[in-house]
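Protein chains in written order, with my numbering: chain A, 1 to 587; chain B, 588 to 1174; chain C, 1175 to 1238; chain D, 1239 to 1302.
Worth double-checking, as some hints may not be accurate.
[What the hints assert, rightly or not] Calculated pairs, BS3-like style, for lysine-lysine (alpha carbon to alpha carbon, straight line, at most 30 angstroms):
(1) A/Lys354 / D/Lys1273
(2) A/Lys181 / D/Lys1273
(3) A/Lys135 / A/Lys121
(4) C/Lys1238 / A/Lys459
(5) B/Lys1141 / A/Lys316
(6) A/Lys397 / A/Lys445
(7) B/Lys1091 / D/Lys1273
(8) B/Lys708 / B/Lys984
(9) A/Lys504 / C/Lys1209
(10) A/Lys354 / B/Lys1077
Rather than coming from a laboratory, the hints here were simulated on the basis of the structure.
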Amino acid sequence: MIVIIIKIKLTKFITKNLYLNINLQIMSFIETKTKVGELMNLETDILVIGGGSAGTMAAIVAKEQNPDSDVVIIEKGEINRSGSIAMGMDALNIVVQPGITTPELYMNSARIATEGILDYKPSFVMAERSYSMLKRLEGWGIRFPRDDENKYISLQVHAKGSFLIEMDSPELKLVLAEKVKEAGVRVINRTIVTKLLVDRGQVNGAMGFNLRTGEFVVCKAKATILANGGCARFSLPNSGYLYGTFDYPGNAGDGYSLAYQAGAQLTGFEYTNCSPLIKDINCPLLYITLTRGAEVVNALGETIDLEYVSTQNMLKELREGRGPIFIKMNHLPEERIQEIERILFTVERPIQKKFWENRGIDFREGLIELGETEYQLCGGHGLTGIVVNEKTETTLKGLYAAGDVACVPLQHLTGAFVFGEVAAEEAVKFASNNDLGEVDQNLIKNEEQRLLNVMDNNKSGSISVQDFEYKVRRTISDYAIPPKNEIKLKRFLWWLPRFRDDMKDIQVTDHHELSRYEEIQFILDSAELSVHASLAREESRWGWFHHRTDYPEKDDANWLKHVVLEKGLKSGEVQTLLVDIENGGEH
Amino acid sequence: MIVIIIKIKLTKFITKNLYLNINLQIMSFIETKTKVGELMNLETDILVIGGGSAGTMAAIVAKEQNPDSDVVIIEKGEINRSGSIAMGMDALNIVVQPGITTPELYMNSARIATEGILDYKPSFVMAERSYSMLKRLEGWGIRFPRDDENKYISLQVHAKGSFLIEMDSPELKLVLAEKVKEAGVRVINRTIVTKLLVDRGQVNGAMGFNLRTGEFVVCKAKATILANGGCARFSLPNSGYLYGTFDYPGNAGDGYSLAYQAGAQLTGFEYTNCSPLIKDINCPLLYITLTRGAEVVNALGETIDLEYVSTQNMLKELREGRGPIFIKMNHLPEERIQEIERILFTVERPIQKKFWENRGIDFREGLIELGETEYQLCGGHGLTGIVVNEKTETTLKGLYAAGDVACVPLQHLTGAFVFGEVAAEEAVKFASNNDLGEVDQNLIKNEEQRLLNVMDNNKSGSISVQDFEYKVRRTISDYAIPPKNEIKLKRFLWWLPRFRDDMKDIQVTDHHELSRYEEIQFILDSAELSVHASLAREESRWGWFHHRTDYPEKDDANWLKHVVLEKGLKSGEVQTLLVDIENGGEH
Amino acid sequence: MPLIVDEDLCTSCGVCVDRCTMDIIRLNDDGFPYKKYDECWYCGVCEEDCPENALIIDLPFQVK
Amino acid sequence: MPLIVDEDLCTSCGVCVDRCTMDIIRLNDDGFPYKKYDECWYCGVCEEDCPENALIIDLPFQVK
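Chain A on its own, in the form it takes in the complex (with noise of 0.2 angstroms):
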């Protein structure tokens, strides 16, 4: 299959008018094939689901280790712009770097973080090769800066050495895009993965359809890789609005719901996380801000102690009702506010500069008052995601998971790129050594057909999609998130099948609530898993993310284990094991 690109130069000659005719009838052809029905039939060597920092460092380096190969993204928004990352990031998190640290003392500090919920050889893998991938990115033009030794700029987030590599890259995404393209990769955009191909415990490929014109896409695969992030679209933000949240909401758990549904072994589900953020807005300033010698002081006006930057002990304060908490830095000089200004306003999160506008508020005087954000499940900045080895080999054949979907702890950015290689890798050996597999074409149908019943069903319900979701993830706030305990978790569990049950109710017009539709399904089924894990820890583990109120202390004698799910063959109900932590959570 050859992939056209056409590329119209814009010029300002051109009138004004001709680009309004061209548009409207490139949009007016979107937006009139409005049936799932059309249907686009791939067939690849690796497929890489979602193109974001994970999935698009997969699909380059599947084309580096065999240029031969097949590769497809499909990414449920725009390449050049998707994922967590679109607008770039100020800092790799996690960079070993030969002679100044060790992966050994990298694995010390994780495993405080972690409280021991931490496998050895994931993450030991990762600082092992994060150096190489700061080198790899630097070829590429990303700007690590230097100090005057010609150091890089390093900072410590970590209890024990500084890892945290500054990084000056707005168009680090659009670096990715181009390098993807460069490649000869083939992206299918606007797409969400509904369903993978699973035969017989092997993962050959995937299903789901274009949110613009419902075309339904099927693509055939060697070898699948899962890059599409965690679930921040989880508990209902403090603002009430839905898509004001820490992380991108196109993140709703979309990778765990298909992998469990798929038969995948899942873990750390238990593990809810928030972080204390910009109030309202829900932006990032944390490391950015504390590094550089901001404070954090409580509502009495006392300093809050942060041994290095512990989030449980902000949360802390506001739960125990001295919040509000702020983040003040009038004390700092003003070459450091400029510094982290420029840092704020032009990287990962910019519009925090409209936000300071609007509010009235300079840096120089006002504080920044922190909120709790909405609770998350994530890889990143969390323990939760797909079971993987350090091979990023899931539990089912044929299937890898990268980035945040994968439960590698706290791997942040660091963790997308290494394991975006290494699953590139993984995948293009395997897919060397297998055919495409069995596809039953009853799969296909059903799927499909499940999806047209839905658009025809659902056309005239009483609900709109957000309607729907905000009552989700509200009674995810009340039930699912700490303080937890059994009879929260259970009265979850009663709300379940009465959601799934609700959903004929929504409104669906269009393919793109169709994708939200979709959306909620996955939300919903993330919150199974976590409230089927959280009840299954008889014990509190990771501060407060994990606080039972029936089991208010730590357990290690007992639970220094993975809770680890699946869905039962039989039953079609959750599985819980429990698995002992890879070298026993020591090394």
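Guided by the hints, dock chains B, C and D onto chain A, whose structure is given.
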């Protein structure tokens, strides 16, 4: 002025189309007058603002006291079903029966329940007159069931004495409306009052508009009785649904704002209170079930000790992580369950029947989950309102206040009726000695012009009234309710002028929406008063409801006082005064 | 959260419009009641006072 | 929470539609971008990537 009531008797013989045509004509007549600009100019002896329990009682009694006096009720809804008791009530909460209890005993109970923030005279008068009020209502056909010994059925919900008398009256409000009609009171329905007419400290009537037709209504009066409820739309309900409040959501703090803007004194605004009621739907059932043997259990299965019906104990369970809490009735005999069902499903909020059917819960087995309602300001369930003496006199000449709008703490429905009666007596006396006061025509022109300007300028606003109210009430939830402290409260004061300024962006396309716009102003005024009172009271009192984390203790030595609020004559800002409690909190 | 109206029973008398405590009901072009504004308090007056028992209210989705 | 479009600068090129991370922007009948769906994450891509600097996004009311 003569009121003509056209009543078309419906018969099944008249064809449906005829009805349809008549009604469509009426409706289109109503809907086409879409501009403030029409003027209704009224003069009366006694103007009653609000046709709920207190207001209808006041109007009826005023006509009783002096049949020659002209009485007008301006009601925001429609008088047959307006106010908080549209569907009747199950009990008169405070009745002192001669020979069984005494006003003094009630005062003991009330002083415990209010932690001493209680003036002696008004509450005493209420208790003293409560039995004759019961007799009055009984004379009007309201049923008060009796036991085998022919005694009224009383239940104990107070610390000392059984003051609650059962009442069986789904049609209570219809009876009151009928009495109003019989008495020859003029009723102006669907009219929101937006400003009182004041001249040199004396109230001479009020202005507002019909929220269907937009007709501007001016009513000059010799005496004015405010009886338009508390502020039910204060913080955000847990469901996120703005109108899913415990109390009637038509009560938006209208009376508090009107009185404040006119210069009256108000008090008790620091006592932001809530209740543990049916989660999600926020309907009441506590007294009805608990007085009949139901128990409250927490998530740990423990029965919560309720010496008497203490909502504070229940809320503490929720706050301290032992929630959810439930009402348990499976130990009650079948006839008791049926009695509870009969009451719950016929009076006050009969919609409960549908709610439980939908949830599939039978009281014989299932548990009733309790949730914390939104916080509210209310003289009936709380300690908040306009300063009044035992004669319902406010601090403004010619202005009386009765019911939830007035601060007679925890007066419930009994207070609304008794002080409706008292207000009528006093207003009739005052009106007989007074002419219609002076009214500055500019006041009237300015108010009309203000409303016309909103209709003109806000046509194409970008924010719906509901979205706006959501943010206002979410911000109240964030900063103005417990746990309180100086910084939180001051954060709200930072938001206040922003909200008032942002109101220019609210979209208002008809007079119904204009009424919601005006209600947002009432909510903002109520919140401003509450925050100032909360800042002034540098201690904690009334349990959780005014709990300050920066002054966590109750301090009787310094704070057995009222925080009284009024509008500064020169500054236009809220002024706070500390006023001793009548009889020093004792009698 | 619609009003469920039995169109055979409803005589378009408008009592529900008159009595609605939140002023949210109007008659549509066919003369049948509908919720023009989303501000229902589910007080039940429209259903209770309908002389023909032609009307059933559903609870708002967020609270039911 | 509208998009603020400078109609003199906008060439209707559709880059904002193409790049929007939440798929919420479309061109209206006049060829100018608008938010068809209320799901803005205020990522800023539409504003940043507009080749004519013709577009400004406003923050959603609930978070601003």
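We went through each hint and held it up to the structure:
1. A/Lys354 / D/Lys1273: This hinted pair holds, its Cα atoms lying about 19 angstroms apart.
2. A/Lys181 / D/Lys1273: 29 angstroms, holds
3. A/Lys135 / A/Lys121: 22 angstroms, holds
4. C/Lys1238 / A/Lys459: Distance ~22 angstroms between C/Lys1238 and A/Lys459 Cα, so the pair holds.
5. B/Lys1141 / A/Lys316: Roughly 25 angstroms between the alpha carbons, so the hint for B/Lys1141 and A/Lys316 holds.
6. A/Lys397 / A/Lys445: Status holds; Cα separation ~23 angstroms.
7. B/Lys1091 / D/Lys1273: Holds - the C-alpha atoms of D/Lys1273 and B/Lys1091 are around 22 angstroms apart, at most 30 angstroms.
8. B/Lys708 / B/Lys984: 20 angstroms, holds
9. A/Lys504 / C/Lys1209: 22 angstroms, holds
10. A/Lys354 / B/Lys1077: 23 angstroms, holds
Checked against the numbered hints given earlier, the structure satisfies every one of them.
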